[in-house]
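As given, the protein sequences belong to chains A and B, one line each in that order.
Position 81 of the first sequence, counted from 1, bears residue number 81 in our numbering, the numbering being contiguous throughout.
The number in our numbering is simply the position in the second sequence, starting from 1, with 111 added.
No lab work stands behind these hints, which were simulated from the structure alone.
All C-beta atoms in this analysis are idealised placements derived from N, C-alpha and C, irrespective of residue type, glycine included.
Don't take every hint at face value.
Said to hold, decoys possible - A partial selection of chain A residues facing chain B, derived with a Cβ cut-off under 8 Å:
| hint | residue |
| --- | --- |
| 1 | Arg42 |
| 2 | Gly43 |
| 3 | Leu49 |
| 4 | Phe101 |
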Amino acid sequence: SQKIEQNSEALNIQEGKTATLTCNYTNYSPAYLQWYRQDPGRGPVFLLLIRENEKEKRKERLKVTFDTTLKQSLFHITASQPADSATYLCALRSGNTPLVFGKGTRLSVIA
Amino acid sequence: GAVVSQHPSRVICKSGTSVKIECRSLDFQATTMFWYRQFPKQSLMLMATSNEGSKATYEQGVEKDKFLINHASLTLSTLTVTSAHPEDSSFYICSARGLAGVTYNEQFFGPGTRLTVL
């Protein structure tokens, strides 16, 4: 069956460091991979989308990589700040299908 | 980015009553809307997909007679939880997708509705 795994349930890092979150998937051939941020009691907020034929995408302090051979995406936040503390969700989609989500990684940036 | 609103943000009801949740796309036409449910510390689980003007498609294990979905216009979808029970207590989140471009690719989410059934 299809599976999306975000390896760490929680990740603590020091302010100013780079946070790296991992998303692995099996039995899936996504056309799009997306990363969302979710704060407690709120809906997910879109951050970045990367297509299957793209290796890397950047937006300000965020960087996403997508390796369809390894079936893995890495999500980086550089120069992390306490305000980056949230749960980050990886989601996959093939064509017109709905997004399927991983469980998320709760990031805590410590000042 | 495109904006999706949900109303109410929080509702508490007695067991056996019905609750309606509204989802609106404020600045784009949503040809497809999705309803998700999220339990504490769990992932978002898709409940159903609805296309404007047609019947919703429900995921396996989701009772269509209990969770009524109406997508009557390109900017509004409603989810009605009928005869709610305490086990229906959860965080319900809608999502909207447009026909093309950014609103098609990026799938925008509402702020969620916290339902508590006593």
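Q) What hint numbers does the structure not satisfy? A) none
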